[in-house]
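S.K.: Below are the chains, spelled out letter by letter.
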Amino acid sequence: MSFLVVLLTEFLGYSQTFVGTLAAIIVLCILAGDSNFIIKAIEKFAISFQKEINEITSRVDLKVFTDKEEYKRLKEIITVSHNQYSADIHDNALTLWTKINAKLQELIFETVTNKKKKIGNDFSPEITNAPLYTLLYIIVLFVFDEAIYVYEDYEDLLISVLFVFTILSILYWLIKWLFYVGRLRRYIHGTSNEDADTIINKFFSFLSKKNLCLSLLIHLVVVVILVIVGAFLCCLFHDINVSIRMIIFWSFAILFPVVLFGLSRECITFERKRKINILLFHLVLFIIYSIAIIVLHKGCTCFIDDMKDMYLVYNTTYPLKLTAMLFIIFNGLIIPLALPYLCFKVIYTNYARRASQIGKRGKKMLQPIFNQINDFIKSLE
Amino acid sequence: MKNDVMDYYQELNVAYDSKKVSICFNPDKIHNAIVMQFILDHCSEVKMYCKHMSVFRKHFYDNIEDVDSKKLKESVEHSLDAFLNKPETKLTVITVEGGEYDDFLCGEKMKCSISNGKVNIHPLANDFAPKEIINHFTIADNSILRFENDIVNHGALCSFHNQTMIKNFNSYFKTLLSYATI
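Protein sequence lines correspond, in order, to chains F and G.
The numbers in this note's numbering rise by one with no breaks, and the one at position 253 of the first sequence is 683.
The numbers in this note's numbering rise by one with no breaks, and the one at position 150 of the second sequence is 199.
Be aware that a few hints might be false.
[Said to hold, decoys possible] In silico DSBU-like links for lysine-lysine, alpha-carbon gap of 30 angstroms or less:
(1) Lys493(F) x Lys100(G)
(2) Lys474(F) x Lys223(G)
(3) Lys470(F) x Lys223(G)
(4) Lys100(G) x Lys533(F)
(5) Lys160(G) x Lys529(F)
(6) Lys223(G) x Lys775(F)
(7) Lys493(F) x Lys119(G)
(8) Lys68(G) x Lys793(F)
(9) Lys808(F) x Lys167(G)
[Claimed, not checked] A few chain F residues that face chain G, going by a derived Cβ cut-off under 7 angstroms, partial list only:
(10) Thr509
(11) Asn531
(12) Ala532
(13) Gln535
(14) Leu537
(15) Ile538
(16) Val542
(17) Gln797
(18) Ile799
(19) Phe800
[Said to hold, decoys possible] Chain G residues, not near chain F, derived (Cβ > 10 angstroms throughout):
(20) Cys73
(21) Asp90
(22) Ala131
(23) Leu133
(24) Pro172
(25) Asp176
(26) Asn184
(27) Asp199
(28) Ser208
(29) Asn217
Since the hints were made in silico from the structure, they are not lab data.
Backbone N, C-alpha and C fix where the C-beta goes; we use that ideal spot for every residue, glycine too.
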């Protein structure tokens, strides 16, 4: 029994030209040079939003606080008439003066972004890594398309491998983009994940210090365990709906390993620099893993009858072709362009909101100090 | 006034040596120069955000009255010279305006220190609008913070060993540095 019931011996068919055209456009975006229109567009967004944020900040007016009678009186006590008061009183006045001015400075800086932290290419290697990965994915797709045409007898196996590889790629980039948004959230809230010291981080830090073989071995062991657990669960619940069992098995075989390794690795590697070797390593690993999981699955079917229900059966390759196309268009072009734009928009909105609320926030922040100043001035009368 | 100058330096010294959180008021240009001299004498890493480093320029001392401005200039110049001669010292300045470096105290040595990286001057980008409303400040060795609230008279507060404030101002400095043109 085949993994997939395929009616056509061609996979991409007439879509080859379309995919080829997409590849030609995507190839422009893999380097951070002048030809990269995504980087150019992002730089323009950055300049435009930065300008807007600057303008917002320049409109911040703290006169509402510095024109207050209490503020002026305190200033006078410190600067003009300090000789009239004892050292203690002068020290108290200075303490209040320091407090209020430090808070005013804090209010100003709440509306000033750190330019270096912009969500541009320096901050996000994904913007060039995603098109590069997509381009490599297209090459793999073409190779498989050719192989399906040449080796008709193995087309079911080849399409199954391509299916798993596509799902892995989608999950991998889903995680990467989620972390991109996560970094934005941390940036807006001024927190960092670099100092996190969890058990998972320690485990992966330990792994990264060891050699590649050990790392691969551990990955392999975990994956095999997960597949066995998935197969075991399918056998255990053999009387439930086959669709649910399929979801359980393929979740253990594909989803969990990617989520486990992807999430935890992203947790510890806050990528500031572009690491192409890691990207290529993941791509090769996904191809090997896709082949391994299909072979392992086929092996399981020889011994466990229930596993035969787990075949990925389609009447046509159209859903896979459509998924691959959407992945290419979105991951190669749309997301690297749209997500930074949305991120800039979020940052801008955030700062605009902060700036518009500065009077309100300032009042809340400064009122306790103004109350202290009032009490202090009254005590002098 | 001469005694005042010495007293003020002594007052700063007591506050610095006490290692406790304390504040000294800095009402005018004379006191600004004394605070800077004190910082140069006692600290090794100085970070400043200012208009155009006026306290390090000769013309700053021309308009000073009440004290012997020449003597004050010489003593600040002497402290600056000693600071630049020490191997471990570093001065990083973010300036609101760019400008020429001809008018500096210790002219040649200053130029030499700028070229060898001991003194780093970073003018802010022209389009960075908030620079007009941000108060000038100086952070020295994470122990002294001087921040102005009167740009005209150089009136400022000099805070000692206040780690919370120093931490905040260090982050402001980092943010401003990201807007520097050099």
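S.K.: Hey, Lys808(F) versus Lys167(G), does the alpha-carbon distance stay inside 30 angstroms?
M.R.: violated, 50 angstroms
S.K.: Does Ala532(F) hold up as a contact with chain G if the rule is Cβ-Cβ below 7 angstroms?
M.R.: Result: holds, 6 angstroms to nearest chain G Cβ.
S.K.: Hint validation: Val542(F) versus chain G, beta carbon distance must be below 7 angstroms. Holds or violated?
M.R.: holds, 5 angstroms
S.K.: Can we trust that Asn217(G) is non-interface, i.e. its beta-carbon lies farther than 10 angstroms from all of chain F?
M.R.: violated, 7 angstroms
S.K.: Go through the hint on Leu537(F) and say holds or violated, using the shortest Cβ distance to chain G against 7 angstroms.
M.R.: violated, 10 angstroms
S.K.: Using 7 angstroms as the Cβ threshold, decide whether Thr509(F) counts as touching chain G.
M.R.: Holds - the Cβ of Thr509(F) comes within 7 angstroms of chain G, reaching about 6 angstroms at its closest.
S.K.: Non-interface claim for Asp176(G): all C-beta distances to chain F beyond 10 angstroms?
M.R.: Not fine: 6 angstroms to the nearest Cβ puts Asp176(G) too close to chain F.
S.K.: Just checking, Pro172(G) versus chain F, shortest CB gap more than 10 angstroms?
M.R.: holds, 14 angstroms
S.K.: Hint validation: Gln797(F) versus chain G, beta carbon distance must be below 7 angstroms. Holds or violated?
M.R.: violated, 20 angstroms
S.K.: Hint check: Lys493(F) vs Lys100(G), CA-CA at most 30 angstroms. Holds or violated?
M.R.: holds, 21 angstroms
S.K.: Given the proposed pairing of Lys493(F) with Lys119(G), does the C-alpha separation stay at or below 30 angstroms?
M.R.: violated, 38 angstroms
S.K.: Please verify whether Lys100(G) and Lys533(F) have alpha carbons no more than 30 angstroms apart.
M.R.: Measuring from Cα to Cα gives roughly 22 angstroms; hence the hint holds.
Hints 5, 7, 8, 9, 14, 17, 18, 19, 20, 25, 26, 27, 28, 29 from the list above are not met by this structure, while the remaining hints are.
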